[in-house]
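**Student:** Each chain is listed here by its residues.
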Amino acid sequence: MFGTVAAYPRWSWWMSLGLFLAVSLGGWTRVTAQTVETSPSIPSLRELVNRLPEAQDEEARRALLMHIAAGGDAATERVFAALERGALYVDRRSRTVVEGSRKGSRYLLTDVLTGEALGEAGRRDVRRIPVDNRLRAELRTVQALGALEARDPTVRQAAISTLLGSSDPEVHKAFERRRGVEPEAALRSSLDVALAIFALGGHDPKAFSAALNTLEGRSEENVRTALRQFSARSDVLESQQVRAQRLLERAENRLRWLARLEALFFGLSLGSVLLLSAVGLAITFGVMGVINMAHGELIMLGAYTTWALQQLLPTQPGIALLLAIPTAFFVAGGVGLALERGVIRFLYGRPLETLLATFGISLILQQLVRSLFSPLNRSVSSPEWLAGAWEIVPGLALTYNRLAILGFSLLVFAALLSLMKYTRFGLQVRAVAQNRAMARALGVRSQRVDALTFALGSGVAGIAGVALTQLTNVGPNLGQAYIIDSFLVVVFGGVGNLWGTLVAAFSLGIANKALEPMVGAVLAKILLLIALILFLQRRPQGLFPRRGRQEEQG
Amino acid sequence: MADIDTRHGVMLYLDAVSVSFSGYQALNELSLAVDEGELRCLIGPNGAGKTTLMDVITGKTRPDSGSVFLGQDINLLDHDEAAIARLGVGRKFQKPSVFPHQRVWDNLALALVGHRSPWQALRYKPSTADEDRVAHLAKLIGLYDLAGQAAGGLSHGQTQWLEIGMLLAQDPKLLLIDEPVAGMTQQETERTAELLQSLVPDQTVVVVEHDMAFVRSIARRVSVLHEGRVLTEGSIDAVQTDARVREVYLGDAC
Amino acid sequence: MLYRLYQPIFFVVALTLAAMASRAQEGEPIRVGVLHSLSGTMAISETTLKDTVLMLVEQQNARGGLLGRPLEAVVVDPASDWPLFAEKARELLVRERVDVVFGCWTSVSRKSVLPVFEELNGLLFYPVQYEGEESSQNVFYTGAAPNQQAIPAVDYLMNQGVQRWVLAGTDYVYPRTTNKILQAYLAQNGVAEDDILVSYTPFGHSDWQSIVAQIKRFGGAGKKTAVVSTVNGDANVPFYKELANQGISAADIPVIAFSVGEEELSGIDTAPLVGHLAAWNYFMSVEEDVNYDFIDEWLAYIGDDDRVTNDPMEAHYIGFNLWAAAVEKAGTADPSAVQEAIIGVSVPNLSGGMATMLPNHHITKPVLIGEILDDGQFQVVWETPAAVAGDAWSDYLPGSRNLMADWTDPVRCGNYSTEENRCLGAD
Amino acid sequence: MSSSPGNSPFLHRATIAFFLGLALWVPVANLLLPAESPLALSSYSVSLLGKYLCLALLALALDLLWGYAGLLSLGHGAFFALGGYAMGMYLMRQIGTRGVYGDADLPDFMVFLDWSELPWYWWGFDSFPFAMLMVLLVPGVLALVFGWLAFRSRVTGVYFSIMTQAMTYALMLAFFRNEMGFGGNNGLTDFKDLLGFDLHADSTRCALLVVTALTVLGSYMLCRRLLATRFGAVVTALRDQEGRVRFLGYSVASYKLVVFVLSAMLAGVAGALYVPQVGIINPGEFQPLNSIEIAIWVAVGGRGTLVGAMLGAFVIAAVETLLTAQFPEAWLFALGALFLLVTLFLPRGLLGLWERRGHG
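Chains as they are written, first to last, in the working numbering: chain E, 1 to 554; chain P, 1 to 254; chain Z, 1 to 427; chain S, 1 to 360.
Derived by calculation from the structure, the hints in this document are not laboratory data.
For each residue, glycine too, the CB sits at the ideal point set by N, CA and C.
Careful: at least some of the hints might be erroneous.
Claimed, not checked - Below are the SDA-like pairs computed for lysine to any residue, each with C-alpha atoms no more than 20 Å apart in a straight line:
| id | chain 1 | residue 1 | chain 2 | residue 2 |
| --- | --- | --- | --- | --- |
| 1 | P | K95 | E | R539 |
| 2 | Z | K329 | Z | G64 |
| 3 | Z | K223 | E | L164 |
| 4 | Z | K216 | E | L163 |
| 5 | Z | K224 | E | D168 |
| 6 | Z | K216 | E | A514 |
| 7 | Z | K223 | Z | D155 |
Stated by the list, open to error - Not the full set, but computed from the structure, chain S residues with beta-carbon under 8 Å of chain P:
| id | residue |
| --- | --- |
| 8 | R224 |
| 9 | A228 |
| 10 | R230 |
| 11 | V234 |
| 12 | A237 |
| 13 | D240 |
| 14 | G243 |
| 15 | R246 |
| 16 | G249 |
| 17 | Y250 |
| 18 | S251 |
| 19 | V252 |
| 20 | Y255 |
| 21 | V258 |
With the hints as constraints, model all of the structure from the sequences given.
**Tutor:** So, in C-alpha cells, the structure goes:
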C-alpha cells in the first residue's frame with residue numbers, strides 16, 4: 001500500500017530556483033536595462049549553457065541560471081525559450097547542451113545560441129534537461145519584467161497582465177517605477193489597478209481608500225481576490241471593509257450577468273456547429289428527400305482533407321486550413337456525386353432503402369479510413385489567428401475559434417440560401433423537388449440536377465468537417481457523433497426549409513447550454529432529446545411545416 | 001353506423017368553407033348542398049378546388065372556416081377520416097388505390113361494413129351473408145371471375161371498378177368519386193356510367209369529372225367550381241350555355 | 001424442387017456448426033490468445049495492444065519459444081461489442097484452446113469475459129488502469145489500480161500547493177470510483193467540500209464550453225486550483241482545445257489526466273497543452289536502456305518511426321514476461337499451474353525497476369508524473385521513490401475497506417473480509 | 001392472405017421442423033454425445049446457437065412491424081435491451097450474498113458507488129414471475145406511449161424511423177448514467193443462476209436453448225396466426241395503401257399501435273432470453289447502430305416473410321462470428337457491402353431470390 005511521499009528529487013531544486021529568481025528579479029531587470037546596449041557575449045554564454053548538466057547541486061544551478069539570465073540578449077531568449085519548451089538536451093557524445101527536436105526516432109540537433117544545424121542524434125545520445133511548470137512560470141515572470149520596459153505598448157500591456165496576480169515585492173517595485181514613466185494613459189490605468197491591489201495587501205491605511213476608489217467597477221479575478229482578502233483582514237477599518245465587500249458583491253453580480261451572456265454565446269456556438277453539420281442534410285434530406293446516413297462520414301472526409309493539407313503544408317497550418325475549405329467541398333462533393341450516381345439514384349422514392357444503403361456506405365467509409373490512416377486520431381493544428389479569446393470586458397471573453405465558426409456557419413448558410421433562391425440552379429433544384437415530371441417537361445435535366453444537388457449537400461458536409469477540426473477529434477468515428485443530431489435538427493426545423501434548419505440549430509444549441517448548468521451535460525442532452533421527440537410527435541412537420549395540399553395517400 | 005337525419009332531403013351541406021395553403025386560397029367561402037339520392041357532378045378547371053373540397057368533406061383537410069354537415073345534425077368537422085367513413089361517406093381517389101398484394105376478393109371483404117376495431121378484426125370469421133355480399137359486389141363490378149387474383153394485376157379500369165366496389169361494400173350513404181373514368185376506354189367509360197347511375201337514388205353520389213361527355217351521360221345536376229367557390233349550378237345544358245362558365249372554360253372540352 | 005433448394009441452406013448451417021465444435025486438438029505450440037477490438041470505437045486504443053502482443057510472441061519465438069515449444073498467437077476481433085467479448089473469449093478458450101489470453105481495455109469488456117474465464121479456468125492478462133474493486137483467480141491486472149495512479153497524483157499536486165480541486169470525468173464506472181476514492185482521500189487531508197467540484201460528461205462529449213467556463217470560475221477564487229481528469233478517450237481532444245482557447249494554461253490551472261498518454265497525444269495538437277500533466281506507471285520518455293531497447297524493437301516491428309509507446313503497452317510487456325517466467329517456472333503452460341507459479345515472480349519493467357506479481361493478482365509499479373511537452377512526449381517531473389503495490393480493494397471506499405485479496409494458501413480468495421475472517425460471496 | 005414467400009406451406013413446415021429439431025438435437029449433441037464425436041456440440045457452439053436464436057426472434061419482431069405494417073423502427077434494439085435489463089435485474093437479485101461484497105441487499109455496483117438502499121424500481125425483481133411480467137410490460141408500455149403519440153399525429157415513414165432512432169439514443173445516454181441505477185456503462189453482469197439452476201452448467205445452457213427455440217417457434221406461429229386474420233389483412237393493407245384503409249373507416253393508428261406494442265414485447269422477450277445466455281446486458285445494446293443492424297437482417301432475409309427475417313439474422317450473425325475470427329478488418333466492409341448489395345440488387349432478400357428461382 002502506498003503511504004507517504006518521502007522525496008521529490010526532480011522538481012525540488014527547480015522550486016528553490018524559482019523562489020530565488022523571484023527574489024532576485026529587481027536586480028536582474030536593472031542589469032538587463034544596462035546590458036541591452038552592450039554587445040552580446042556569445043562565447044561566455046555558450047560556456048554557461050554547457051555547464052548546465054554539470055551543475056549537480058541546487059546552489060550551482062541557481063547561480064548558473066542567474067548568470068545566463070544576465071545575458072539578456074536574443075541568444076538568452078533562445079536559451080530560455082528552448083528550456084521552457086523542454087527542447088534543451090545534453091548531447092552525451094560531445095557533452096554539450098544543444099537544442100533538439102524529435103523526428104521519428106531520431107533527434108535533429110541545432111545550436112541553441114545560433115540556430116545552426118548540428119546534425120542528428122539517436123535516442124540514446126541525448127538526455128533532456130528537465131523543466132516543469134514552476135520553472136516555466138518563473139521564466140515567464142522574468143520575461144514579463146523585461147517586457148515592462150519594451151517599446152511596443154501592446155507588449156507592455158501583456159506584461160502587466162502576466163504580472164498582475166503576483167504578490168512579489170520586486171514586481172511591486174517594477175510596477176511603481178513603470179507608473180512613473182509610462183506615457184500611455186490606458187497602461188497607466190492598468191498599472192494603477194495593479195498598484196491598488198498591492199496597496200490593499202499592504203499595511204498603509206491611508207492608501208486603502210484610494211485603492212478602493214481605483215478598483216471601483218473592476219471585476220478581474222485578481223481584483224476580486226484582493227478585495228476578498230482585504231475584507232477578511234482584521235486590522236483595517238470596518239467601513240473600508242464594508243466598502244470592499246460592496247465592491248466585491250458588485251463585481252460578482254456583474255460576473256453573474258456576464259456568465260449569462262457567455263452561456264448565450266456558448267449556445268449560439270453549439271448551434272453553429274449543429275447548423276454546419278445539418279445544413280448539408282437540409283439539402284439532401286430536406287430538398288431531395290434522400291436519407292443519407294453517410295452524411296457524418298462526408299463530414300469526416302472534410303476533416304481528413306484538412307489534416308492531409310496540413311501534412312502537405314506543415315509550416316502553414318492557417319493557409320492549409322483556408323485551402324481545405326474549397327478542397328474539402330470538392331472532395332466530399334465528389335464522393336457525394338459518386339454515391340448519387342452509383343447508388344442513390346436507383347433508390348429514389350424508396351427512402352427506407354436509401355437509409356439502409358447509405359448506412360452501409362457509412363460503415364465502409366469508416367473502415368476504409370481506419371484501414372488507410374489507422375484508427376488513431378489525426379492531429380490538426382489551429383492557426384495562431386484562431387487561438388485565444390477576445391476579451392470584451394473582464395469576465396467575458398469569446399474564443400476566436402468559436403466566433404470564427406459561428407461566422408463561418410452563417411456565411412455558409414447565406415451562400416446556400418442565395419444559391420437556392422437567386423440562381424438558375426437553385427430554381428431548377430426547387431422545381432425538381434416540387435414536381436419532377438413537370439420540371440422535366442420544361443427541359444430541366446432532372447438527373448443532372450439530382451446529382452449536383454446531392455453533391456452540393458455532400459460538399460457542404462465536407463466544409464463542416466473543416467470547421468470541426470478546430471473543435472474536436474479527427475478520427476474514423478467523427479461522423480457518428482453528428483449524424484443523429486443533424487437529422488433531428490433538420491426534422492425539427494421542418495423538412496425542406498433552410499430557415500427552419502437555422503432556427504432549429506440555434507434554438508437547440510441555446511436550450512442545451514441553458515439546461516447544462518442546471519442538470520449537467522448528460523441529463524441536458526437526454527432531456528432535450530425527449531423534448532424534441534415529444535415535440536415532433538405533436539408536430540411531425542417541425543417548426544416550419546411546408547403547407548400545401550397533401551399528396552393523395554398522405 | 002349512425003342514421004343520417006335527412007328529413008329535409010339534404011344529404012350534404014357545406015356553408016362558407018374556406019381553405020388556404022400558404023397564401024393560396026384553395027376554397028373561398030364555398031357553399032354547396034347535395035340532396036339525398038342525387039347524382040351530382042362537380043366540374044371546374046384545374047385548381048378550382050374540387051379535390052380540396054373532397055378532402056374537406058372526408059376529413060383529410062381541416063378548413064380555416066365554415067361548416068360541413070352530413071344530413072341535418074352530423075358536423076363532419078368533429079370527426080376524423082376513419083370516423084367519417086364509418087358514418088357512411090365513401091371516397092374514391094383520383095389515383096386508384098386498392099391493396100395490390102391482396103386478392104380482389106379480400107379487397108372487397110376488407111371493405112365490408114363492420115368489424116373495424118383491431119379486436120373485432122382479430123376475431124372476425126366471415127359469415128355466409130358476408131360471402132354472399134362479396135360475391136354479389138364482385139359480380140356487380142364485373143370482377144367475379146378475377147376474384148382470386150391479386151389486385152395488383154388488374155387493368156386500370158378494373159382497378160377503378162374494384163375501388164368503387166370497395167366503396168359499395170362499406171354501405172355508404174354518400175359516395176364521393178374523383179375522376180372515375182380518366183384513362184378508361186370508351187367501353188369502360190360506358191360501363192362505369194351505368195354502374196354509377198344504378199346507385200341512385202339508394203345512395204347519394206358526387207362525381208368530380210373532366211370528361212364532359214361522361215358528365216352529360218350521367219348527371220342531372222352540375223355544379224361548376226371556379227377559384228374555390230361555386231360559380232353556378234344547374235342542368236348540364238344550362239351550365240354549358242352560361243357565359244361565365246364559357247369564359248373560365250375557354251378552350252376546354254365543353 | 002423447393003425442397004431441394006431449401007435443404008442445403010440449413011445443412012450448411014448445421015455443418016458449419018458441427019465443424020466448429022469438432023475442431024481443436026492439443027497441438028505442439030503454446031497458444032496465446034489476443035482479445036483486443038480491431039474495429040469499432042475501441043479499435044483506436046486496442047489495435048496497438050494487439051500488435052504489442054504479436055511482437056512479444058515473435059520475440060519469444062526468436063529466443064526459442066517456451067519450454068522448447070513455439071508460441072502461436074490467435075487473434076480475434078471482439079469489435080468493441082461487449083457481449084461479443086464474452087463470445088470471443090469462449091471461442092478462444094473452447095475452440096482455439098489457448099493457454100493464455102492477453103486482452104480487454106474497458107472495464108465492461110473485462111466484466112463481460114470474467115465469468116467465462118472463471119467458468120473455463122482460463123488466464124487473462126488485463127493491461128489497463130482500472131477502478132479496482134476486483135480480484136479474480138483467473139485475471140492478472142497489470143495496469144494500475146487507483147492507488148497506483150490517482151492517489152500519488154493528488155499527493156504530488158497537494159505538494160505543489162493545490163487547494164481547490166475539480167474532478168472531471170466521463171460518466172462511467174472508472175471515473176466514478178476514482179472520484180469517490182479521491183473525494184474520501186481529499187477529505188481526509190482536510191480539503192473542504194466547497195473546494196471540490198465534481199463534473200461528469202457523456203461519452204464522446206464534444207462541447208466543453210460551459211464546463212471549461214465553470215472550471216475557470218471555480219479556479220478564480222484565489223486559491224490554487226487543479227483539474228483531476230478521468231475524461232475518457234475521444235472527449236479529451238475537444239476538452240483540451242477548449243481549455244487552451246479559453247486561456248486556461250497549465251500555469252493557471254493544471255490538468256492531470258489518468259487516461260491521456262502518448263498515443264492519445266499523437267492525435268492532438270499539443271502546443272496548447274504544454275505543462276498539463278498525466279500520471280502513469282510508464283512514459284515513453286523514461287531514460288533507461290531497457291526502455292530504449294523496447295522502443296527500438298517496437299518501431300522496427302511496426303515499421304513506422306512516428307509511432308509511440310505507452311503505459312498499457314508496458315503493462316503487456318510486463319504481463320507477457322511474467323507469464324513466460326511463470327510457464328518456465330511451472331514447467332508447463334497449464335493455466336492452473338501457471339496461476340500457482342506466477343505469484344512472487346519478478347521481471348524487469350521498462351522504467352528501470354522490477355515488477356512483481358502479488359498474491360492479489362496485481363503487480364508492483366512505480367508511479368510517474370509527467371508534464372506534456374511540445375513534441376507530444378512527457379517530461380517526468382516526479383516519481384515515487386519505490387514501487388507501489390497494487391491494491392485490489394480501496395482503503396477509501398466504505399464497502400471495501402475491510403476487504404483483501406490473496407490467492408495463496410490459506411486464504412485463496414479474491415474478496416476476503418478481514419472483519420468477518422471469511423471469503424465473501426462463497427456459499 | 002398475401003402472396004409472399006413466407007406463406008409457402010413448405011417453408012412453414014421446414015421452419016417448424018428446424019426449431020423442433022434444434023430443440024431436440026442440441027441437448028443430445030452437447031450432453032450425451034462424447035466430446036470426440038463428430039456430431040458433438042461444444043458449449044461454445046451451444047451458447048452461439050442460443051444467441052443466434054434470440055437474434056432471430058428480434059428479427060421476427062421487427063419483420064412483423066416493418067414487413068407487414070410498413071413501419072421501420074430504428075429503435076427496436078431499445079425494446080430488446082429493456083427486456084434484457086428486466087431479466088438482468090432478476091438475475092442480479094438472484095446473486096444475493098454471493099456478490100464480491102457479500103451484501104444481501106444491494107448489487108455489487110451499488111455497493112461500491114455508495115448506494116444506501118435499493119432504488120424503488122428494483123423492487124419486485126427478486127420474483128421471477130414479476131420480472132417476466134416486466135419483460136413484457138416495460139417494452140410494451142414504452143411502445144404504447146411512444147406509438148400512441150406518434151401514430152396519432154401520423155408520424156410515418158422515415159420520420160418514424162428517425163424518431164425511434166432518437167428514442168433509443170436517448171435511452172442509451174440515460175442508461176449510461178450511473179445515477180440511473182442500472183450499473184452505468186458496465187451494465188449488469190456476473191450472473192450466477194436462474195430459477196436456481198447454475199447458468200454456467202452445460203445442462204442449464206441447453207435448457208435455455210431449448211426454451212429459446214420453442215419461444216421463437218411459438219412467436220413465429222403466433223405472428224402467422226395473427227397475420228392470417230382480418231386484422232392481419234388490415235395491417236398489410238395499411239402498409240400498401242394507408243389512405244384507403246383510413247377511408248374505409250379503419251382507425252389506422254390503433255392497428256399500428258397494436259402491432260408496434262406486440263412487436264416491442266417480442267423484442268423484449270428476445271432480450272430476456274439473450275441476457276442469461278451471453279451473460280451481460282449493458283447500454284451498448286441501445287446503440288442506434290445495433291438497431292439498424294436488425295433492419296439489415298430483415299432486409300437480407302426478405303422482409304414481410306417472417307421466415308426470411310429469422311434466416312437473415314442467422315446468416316449475418318454466423319458471418320459475423322466467422323469474419324470477426326478470421327478476417328477482423330473485413331467485417332465492417334462486409335457488413336457495409338451487404339447493406340448496399342441487398343438494397344440495390346435484392347430488394348426482396350434471400351427468400352425473394354430463392355422464390356424467383358423456384359418459380360423459374
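**Student:** Which hints from the list above does the structure break, by number from lowest to highest?
**Tutor:** 1, 8 and 9
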